[in-house]
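Sequence order for the protein chains is X and R. So for the first sequence, my numbering puts the first residue at 1; every next one is plus one. So for the second sequence, my numbering puts the first residue at 1; every next one is plus one.
No lab work stands behind these hints: they were computed from the structure. Hints are supplied without guarantee of correctness; some may be wrong.
In this list, chains with the same sequence are indistinguishable; a pair is considered to hold if it fits within one copy or across any two.
To be verified - Calculated pairs, SDA-like style, for lysine to any residue (alpha carbon to alpha carbon, straight line, at most 20 Å):
1. 41 with 286
2. 182 with 210
3. 63 with 148
4. 182 with 250
5. 63 with 10
6. 180 with 262
7. 182 with 304
8. 41 with 145
9. 63 with 108
10. 180 with 241
11. 63 with 93
12. 41 with 147
13. 41 with 114
14. 63 with 243
15. 182 with 192
16. 182 with 16
17. 182 with 7
18. 63 with 27
19. 63 with 285
20. 180 with 264
21. 182 with 257
22. 182 with 59
23. 41 with 148
24. 180 with 37
25. 182 with 97
26. 182 with 286
The structure presented is a predicted model; accordingly, all values stated were derived computationally and were not measured.
There are 2 protein chains.
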Amino acid sequence: LPTRLGEFDIISRFFAPLAAGEAGALGLLDDAALVDLPPGKTMVVTTDAIVAGIHFPVEVEPKLIAGKLIGVNLSDLAAMGAQPLAYLLVLALPSAWSGCELENWLEVFTAGLAEHQAGHGISLIGGDTVATPGPLTLTMTALGSVERGRALRRQGAEVGDLVFVSGTIGDAALGLRVAKGKLPHLAADHRSALLDRLSTPRPRLGLGRRLCGVATAVADVSDGLIADLGRICAASGVSAVIDAERVPLSPAAAAAIGNDPALLPLALGGGDDYELIFTSPAAAAPRICVIAGELDLPLAMIGRIVGVSGADGPVRVLYHGAPFAVPIAGWQHFR
Amino acid sequence: LPTRLGEFDIISRFFAPLAAGEAGALGLLDDAALVDLPPGKTMVVTTDAIVAGIHFPVEVEPKLIAGKLIGVNLSDLAAMGAQPLAYLLVLALPSAWSGCELENWLEVFTAGLAEHQAGHGISLIGGDTVATPGPLTLTMTALGSVERGRALRRQGAEVGDLVFVSGTIGDAALGLRVAKGKLPHLAADHRSALLDRLSTPRPRLGLGRRLCGVATAVADVSDGLIADLGRICAASGVSAVIDAERVPLSPAAAAAIGNDPALLPLALGGGDDYELIFTSPAAAAPRICVIAGELDLPLAMIGRIVGVSGADGPVRVLYHGAPFAVPIAGWQHFR
Numbered sequence: 001l002p003t004r005l006g007e008f009d010i011i012s013r014f015f016a017p018l019a020a021g022e023a024g025a026l027g028l029l030d031d032a033a034l035v036d037l038p039p040g041k042t043m044v045v046t047t048d049a050i051v052a053g054i055h056f057p058v059e060v061e062p063k064l065i066a067g068k069l070i071g072v073n074l075s076d077l078a079a080m081g082a083q084p085l086a087y088l089l090v091l092a093l094p095s096a097w098s099g100c101e102l103e104n105w106l107e108v109f110t111a112g113l114a115e116h117q118a119g120h121g122i123s124l125i126g127g128d129t130v131a132t133p134g135p136l137t138l139t140m141t142a143l144g145s146v147e148r149g150r151a152l153r154r155q156g157a158e159v160g161d162l163v164f165v166s167g168t169i170g171d172a173a174l175g176l177r178v179a180k181g182k183l184p185h186l187a188a189d190h191r192s193a194l195l196d197r198l199s200t201p202r203p204r205l206g207l208g209r210r211l212c213g214v215a216t217a218v219a220d221v222s223d224g225l226i227a228d229l230g231r232i233c234a235a236s237g238v239s240a241v242i243d244a245e246r247v248p249l250s251p252a253a254a255a256a257i258g259n260d261p262a263l264l265p266l267a268l269g270g271g272d273d274y275e276l277i278f279t280s281p282a283a284a285a286p287r288i289c290v291i292a293g294e295l296d297l298p299l300a301m302i303g304r305i306v307g308v309s310g311a312d313g314p315v316r317v318l319y320h321g322a323p324f325a326v327p328i329a330g331w332q333h334f335r
Numbered sequence: 001l002p003t004r005l006g007e008f009d010i011i012s013r014f015f016a017p018l019a020a021g022e023a024g025a026l027g028l029l030d031d032a033a034l035v036d037l038p039p040g041k042t043m044v045v046t047t048d049a050i051v052a053g054i055h056f057p058v059e060v061e062p063k064l065i066a067g068k069l070i071g072v073n074l075s076d077l078a079a080m081g082a083q084p085l086a087y088l089l090v091l092a093l094p095s096a097w098s099g100c101e102l103e104n105w106l107e108v109f110t111a112g113l114a115e116h117q118a119g120h121g122i123s124l125i126g127g128d129t130v131a132t133p134g135p136l137t138l139t140m141t142a143l144g145s146v147e148r149g150r151a152l153r154r155q156g157a158e159v160g161d162l163v164f165v166s167g168t169i170g171d172a173a174l175g176l177r178v179a180k181g182k183l184p185h186l187a188a189d190h191r192s193a194l195l196d197r198l199s200t201p202r203p204r205l206g207l208g209r210r211l212c213g214v215a216t217a218v219a220d221v222s223d224g225l226i227a228d229l230g231r232i233c234a235a236s237g238v239s240a241v242i243d244a245e246r247v248p249l250s251p252a253a254a255a256a257i258g259n260d261p262a263l264l265p266l267a268l269g270g271g272d273d274y275e276l277i278f279t280s281p282a283a284a285a286p287r288i289c290v291i292a293g294e295l296d297l298p299l300a301m302i303g304r305i306v307g308v309s310g311a312d313g314p315v316r317v318l319y320h321g322a323p324f325a326v327p328i329a330g331w332q333h334f335r
């Protein structure tokens, strides 16, 4: 085995197989990739980066990094109602890694990509590989398509609309606690359930597509339920009231909060759940019930859109009617 | 001024103005951007990253970083014959920077982006901003369009084709020497000409578009004339012979090599020139002359495509008929 892999070797050995399913990738041999768009469709494009030590622990399994990267990016497509088409990948690889470390990492990481891209029916179509004296940094650009004029947006929520959220909320924030060695009293299966939600986002692509024409505004829950709903409110020029007791919790999150109710604000404020939060007129509630049934995915009504924003921000949280404080760090500060 | 800028502040203050010209950017307020493609066109997508201390000196002016990033990415579009449509940008910003440093950097960097994007008639449509404990790392994804079926490729060169290159070669590699304090005997205007070529790539977009239907294979000169021609040869299953004395040099490069002929291999092997190297049948030579005249851009015939690849690699370099050794580091090794 070579002690230093050439960039060409890296591409042909590890990445070209991920591009084999898509003619427009041109075998990763060209300067750029080609993407055709069916008539009547608009392309949807998003890009997100994750940094070792910031967005995932340095020692995390490379397969999980692959799942996180794809999940985070496809979640943005889900929030627009788009169907994924393909992705590009930029790796900044630590120059301190030995050839052997690099090879092992690439082997497991690309196996993870292969698994996740197959699950979503997409292929790698391009990218770049650079060395960095800093931490491992991965940037993905995801391309999708949506019927022209039907993309979901953050703007569009109207006074009187109801607020819905998919799945369960707070698992990733509680999973981060578990990863840090906290919540020792929680049962082992609950701990692993929370960790799994933190490490492997499951982008709600099927839901996003079905919400076209049903939801008035949509965002994915990446920075936290309240922060992301705040963005919907800001884009729509409205404010919202959330009933904290209606926010759906997994059995694991319920157990953690049952042990320590002080964790509830963390669950509501924490990010990385990659559920969809959306608004729609009350008249659409039956349709939303049908979608939940079709997808076998709980869709909970957790609040409503009210008038213009007050002094206490775009989202007020109530707990059985009383004001309830939720930290929204993700919304406020560049970290 | 705030000591810590929020991500939202960064977007609204520094980046949203760069997105104002493109409706599909959705004001950078949504989870993804929308891009419509005119009928009959294919989308062309590329992504490239640059890292402080690797691809540019840590202390370099932020405006130059903006120009380099846009230039490097649009050069890939040029090599496919594409017209640029829009771009996305991911910034990994050093967490060690103070709020004031961050603000000043963003101010100058985004002013540079504004200037360069206006020069190419494109807008920012999306991106991500993350913190890193490592060096400043910037990733751009550039989108372009080309007539369906007319994209230029690296494959397609045929035995008997001539090899052409645009502009002048080796300036960036020599500029890197100047940046490192070498070449002290060179005249000041030559030194600054070489530095300018290193710092500000000028992607050959107009040439790329005109080469559709004229060139049989095209690449941009990013890793070095010989390395990039080697990729054309590998993709096309041919080999090439280059006459070193025909490779066009700028007055500054000619002066440097005149002082020290040992610099000629460096000029031929070094990267970052962002010219286009292409092949075409001899019958197209008059058409190529016309294109050179229309664009006021020299297009030099520097060699020819010969049979299959020999033991000494896909590209042989001759100097007045005798074998001439050129280092091709960029082609071989991940750095």
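Okay, the hints, checked on the actual structure:
1. 41 with 286: neither (28 Å within a copy, 41 Å between copies)
2. 182 with 210: neither (38 Å within a copy, 62 Å between copies)
3. 63 with 148: neither (35 Å within a copy, 36 Å between copies)
4. 182 with 250: within (18 Å within a copy, 64 Å between copies)
5. 63 with 10: within (17 Å within a copy, 32 Å between copies)
6. 180 with 262: within (17 Å within a copy, 57 Å between copies)
7. 182 with 304: neither (34 Å within a copy, 67 Å between copies)
8. 41 with 145: both (6 Å within a copy, 15 Å between copies)
9. 63 with 108: within (6 Å within a copy, 39 Å between copies)
10. 180 with 241: Answer is neither: 32 Å inside a copy and 60 Å across each miss the 20 Å cutoff.
11. 63 with 93: Classified as within; 16 Å inside a copy, 26 Å across copies.
12. 41 with 147: For residue 41 and residue 147, the Cα distance is within 20 Å both inside one copy (5 Å) and across copies (17 Å).
13. 41 with 114: So residue 41 and residue 114 fail the 20 Å test inside a copy (27 Å) and across (29 Å) alike.
14. 63 with 243: Result: close neither inside a copy nor across copies, 37 Å intra and 48 Å inter.
15. 182 with 192: Only inside one copy: residue 182 and residue 192 sit 13 Å apart there, 58 Å across copies, limit 20 Å.
16. 182 with 16: Cα proximity of residue 182 and residue 16: none, with 41 Å in one copy and 40 Å across.
17. 182 with 7: neither (41 Å within a copy, 28 Å between copies)
18. 63 with 27: neither (23 Å within a copy, 34 Å between copies)
19. 63 with 285: For residue 63 and residue 285, the Cα distance exceeds 20 Å both inside one copy (38 Å) and across copies (51 Å).
20. 180 with 264: within (18 Å within a copy, 56 Å between copies)
21. 182 with 257: within (13 Å within a copy, 65 Å between copies)
22. 182 with 59: within (18 Å within a copy, 42 Å between copies)
23. 41 with 148: both (5 Å within a copy, 16 Å between copies)
24. 180 with 37: neither (44 Å within a copy, 46 Å between copies)
25. 182 with 97: For residue 182 and residue 97, neither the intra-copy (31 Å) nor the inter-copy (31 Å) Cα distance is at most 20 Å.
26. 182 with 286: neither (41 Å within a copy, 74 Å between copies)
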